[in-house]
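Visitor: This is what each chain is made of:
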Amino acid sequence: MMACHFLRALFRIQQTSTSSSSSGRSRRIRRAAYASMAYSAGTRRAWSRALLRKLRSRARLRFPRRLSRAATPQRRDMDQAQVLRKLVPGGPSMDDCKLLEETADYIRCLTTQVRLMQTVMDSISS
Amino acid sequence: MSSRRSRSRQMSSSRITDEQINDLLTKLQAVLPEAHLRSTDRVSAAKVLQDTCNYIRSLHREVDDLSERLSELLANNDINSAQAAIIRSLLR
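Chains as they are written, first to last, in my numbering: chain H, 1 to 126; chain D, 1001 to 1092.
Note that these hints are calculated values from the structure, not bench results.
Beta carbons: idealized from backbone N, C-alpha and C, even for Gly.
Treat the hints with care, as some may be off.
Stated by the list, open to error - Computed from the model, here is a short list of chain D residues facing chain H with C-beta under 8 Å:
#  : residue
1  : Asn1022
2  : Leu1025
3  : Leu1037
4  : Val1043
5  : Leu1049
6  : Tyr1055
7  : Ile1056
8  : Leu1059
9  : Glu1062
10 : Glu1068
11 : Arg1069
12 : Asn1077
13 : Gln1083
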């Protein structure tokens, strides 16, 4: 479950970081956030598979990413999908339909993760 | 010019129709903020895509921001097991 993974990661980060490494700590927390999202969706989704690949390769997590081999827009009214492709993990290799489906799921997961982080914050600071 | 006529570009996958795209766009719009304020009839692809991109960008920024704030909190406070239990129960 997303919450357990994220909480365990926070414990670990707190125990293993020093007071002088605050920017490193926030980067690790950010990485833990995307990791817990990816693990919660597992291999069921193209976006989570792409995110897991990125996490395992220790690559930097940047959004938007460059489109090196951009998928060609298939429909005129979906031209704006090119921008969306850069924002969704795995976007560049998705056709328009897949992109729309994956995006909806990605957004649901992101909003859940944000709520989780807010809950953790409120709980620690009270 | 008309976007109502479905374009049958032959891909390795099946033909993508206007209806399919509109259906997916409607479902996507449903996860955006203030979804209840919008009509569920034909949606403008450009508008939904733009709103979607803006929303994803703002969510990414929130993750960044919350990560920094959590980082500061962790520096000053310990997460003890009681708090962990509270957090878990809040999330059920």
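Visitor: Next step is simple, just say for each hint if it's right about the structure.
Guide: Okay, the hints, checked on the actual structure:
no.: 1; hint: Asn1022; verdict: 10 Å, violated
no.: 2; hint: Leu1025; verdict: 6 Å, holds
no.: 3; hint: Leu1037; verdict: 17 Å, violated
no.: 4; hint: Val1043; verdict: 11 Å, violated
no.: 5; hint: Leu1049; verdict: 4 Å, holds
no.: 6; hint: Tyr1055; verdict: 7 Å, holds
no.: 7; hint: Ile1056; verdict: 5 Å, holds
no.: 8; hint: Leu1059; verdict: 4 Å, holds
no.: 9; hint: Glu1062; verdict: 5 Å, holds
no.: 10; hint: Glu1068; verdict: 4 Å, holds
no.: 11; hint: Arg1069; verdict: 6 Å, holds
no.: 12; hint: Asn1077; verdict: 5 Å, holds
no.: 13; hint: Gln1083; verdict: 5 Å, holds
The structure fails hints 1, 3, 4 (numbered hints given earlier, in ascending order).
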